[in-house]
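S.K.: Just so you know, the protein sequences line up as chains A and B, in that order.
For the first sequence, numbering that gives the first Met the number 0 begins at 0 and goes up steadily by one.
For the second sequence, numbering that gives the first Met the number 0 begins at 0 and goes up steadily by one.
Treat the hints loosely; a few may be bogus.
[Claimed, not checked] Lysine to aspartate or glutamate pairs mimicking EDC-like chemistry, simulated, CA-CA at most 16 Å apart:
#1 B:Lys174 with B:Glu198
#2 A:Lys50 with B:Glu104
#3 B:Lys203 with B:Glu182
#4 A:Lys50 with B:Glu108
#5 B:Lys203 with B:Asp164
#6 B:Lys187 with B:Asp173
[To be verified] Some chain A residues close to chain B (C-beta under 7 Å, calculated; not the full set):
#7 Val14
#8 Lys50
#9 Arg53
#10 Phe54
[To be verified] Listing some non-contacts, in silico: residues in chain A with all C-beta distances to chain B over 12 Å:
#11 Ser1
#12 Leu3
#13 Thr7
#14 Val37
#15 Asp39
#16 Gly42
#17 Pro56
#18 Glu63
#19 Glu69
#20 Gln74
In short, the hints are calculated from the structure, not lab data.
The model shown is predicted, which means the values in this text are computed figures rather than measured ones.
Don't be surprised by glycine CBs; every beta carbon is placed ideally from N, CA and C.
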Amino acid sequence: MSRLLKITVDHRYCVGSAQCVNLAPGVFRHNENVQSEVFDPAGAPEAAVLKAARFCPTSAIRVEDANTGEVLFPQA
Amino acid sequence: MSHDPDDLFAPEVIADPYGYFGHLRETDPLHWNARSELWIVTRYEDLVWLVRHHELFSSAVIKSDQRPPYPPIDAEDRGLFDEVRHFRSDQLVEQDRPAHTTMREAVHEYFTPTAMESWRPFVRAAVAELLDEVAPKGRMDVLQALAAPLPVRIITHMMGVPSEDRDHLRALADKLLYINRGESYRMKPLMEGIRAMMEYVEPKVGQRAEKPENDFISVLAAAEKNGVFTRHQVLVNTALLLFAGHETTMNLICNGTLALLCHPDQWARLTADPAGTVRVATEEILRYDPPVKSTQRIAAADVERHGKQIRKGDRIRWIMAAANRDPRIFENPDRFDLSRSPNPHVSFGSGIHYCLGATLARVEGQEVFRALAERFPDLWLDTDVLEYQPSIQFRSLKSLPVAWGHGA
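Isolated chain A, as found in the complex (with noise of 0.2 Å):
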């Protein structure tokens, strides 16, 4: 069973490049505003998650283990 994620998108900084929305579709979708939100936290594997967060040009993308609250992107 594979650990639940956070996933939350910063909208200040999202300009709508499309790489998670490319690299983890189950996850990630555009808004009116072609900025991304989550609609399916478990909707790709974990590491999918973590390169569509490292992907992101302006490093919007925040991701947690919801359980513990660890931060697991960006890393310290």
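For this one, chain A is given, so just place chain B on it according to the hints.
M.R.: For chain B alone, kept in the frame of chain A given last:
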């Protein structure tokens, strides 16, 4: 002197794009420029909407636009223009989906914020070395001593080519700078630079395909092996890296230094705590006088906006320099305020073509402004004359003399 209000290359527009495009932003936000036959978009919200709707506004500007170049070029250079078009059509920035998605994915790993941040120590050392050379002189032209050589050093290293080749690459980069300039003879130096760049890179691509290294040419060579890039696309996009990273960084460093020296109160804030303030300060520098003033799209469909009808095939130029000063988004937009935060400037664009090198540009800017503030806190502007290149796209100073210590 031109009196046509649509002359985008008029000396007053080149000298002060903020006045000219700011006026359009407040009076005619979707302006038809009859002289250059294109729409001009100046408001922040319009610009973001346009750039994020890549399905409505194509990036294949060179590929699909059959109109003659503006401003006009020398008649005998028509053949060169076609060659330049063939070259530029293969640039990543000219691609639409689906080609853009796969091509960008192939190079994106190399340019993630995490990957680019790891270049900071190298950038810091390069800045220190360049400033060591000029420090005893007490004066320098920021462009020649710092802003032009720094990005060439970094890109040379990224390309994985020997440092002895720096001068050659800088000479080629200087010729590539004629893209989107106004001189009627510009196709000649531009095509010379393109040809020489292709010749320089070609054998290196072959080597990297055989024996990959940890550099950008190897990334492209691998993408060619995987069928994502053709050989021509590999060569063109290596040249794009040199050009795109050179011109824009030069302008960031010169425009930022100028803005800081023209606002002594803000310069004092930076020198009081360079390491603590430079990140937020660099964002304001990017907003206030961006390296790229404007860029272009071509309508892929009929679109209505502000009660006007954009037709499929129309050219649209969007002015980041005007959107960054939109009072609907930024309080006191003409004020240079190093503590401005949040600062959602559009100097790197937005949407799927958001600048690939944004983090690297930020790192370079931060390291330069920090080093200047730490080493030369009494820096001053050593000229009364400022001249800009006649470009619609780039905000490029021709020189920026400064002095410090006993340099006067």
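S.K.: State for each hint whether it applies.
M.R.: Verification of the supplied hints:
no.: 1; hint: B:Lys174 with B:Glu198; result: holds, 15 Å
no.: 2; hint: A:Lys50 with B:Glu104; result: holds, 12 Å
no.: 3; hint: B:Lys203 with B:Glu182; result: violated, 33 Å
no.: 4; hint: A:Lys50 with B:Glu108; result: holds, 10 Å
no.: 5; hint: B:Lys203 with B:Asp164; result: holds, 13 Å
no.: 6; hint: B:Lys187 with B:Asp173; result: holds, 13 Å
no.: 7; hint: Val14; result: holds, 4 Å
no.: 8; hint: Lys50; result: violated, 9 Å
no.: 9; hint: Arg53; result: holds, 5 Å
no.: 10; hint: Phe54; result: holds, 6 Å
no.: 11; hint: Ser1; result: holds, 23 Å
no.: 12; hint: Leu3; result: holds, 24 Å
no.: 13; hint: Thr7; result: holds, 16 Å
no.: 14; hint: Val37; result: holds, 19 Å
no.: 15; hint: Asp39; result: holds, 22 Å
no.: 16; hint: Gly42; result: holds, 19 Å
no.: 17; hint: Pro56; result: violated, 5 Å
no.: 18; hint: Glu63; result: holds, 18 Å
no.: 19; hint: Glu69; result: holds, 18 Å
no.: 20; hint: Gln74; result: violated, 8 Å
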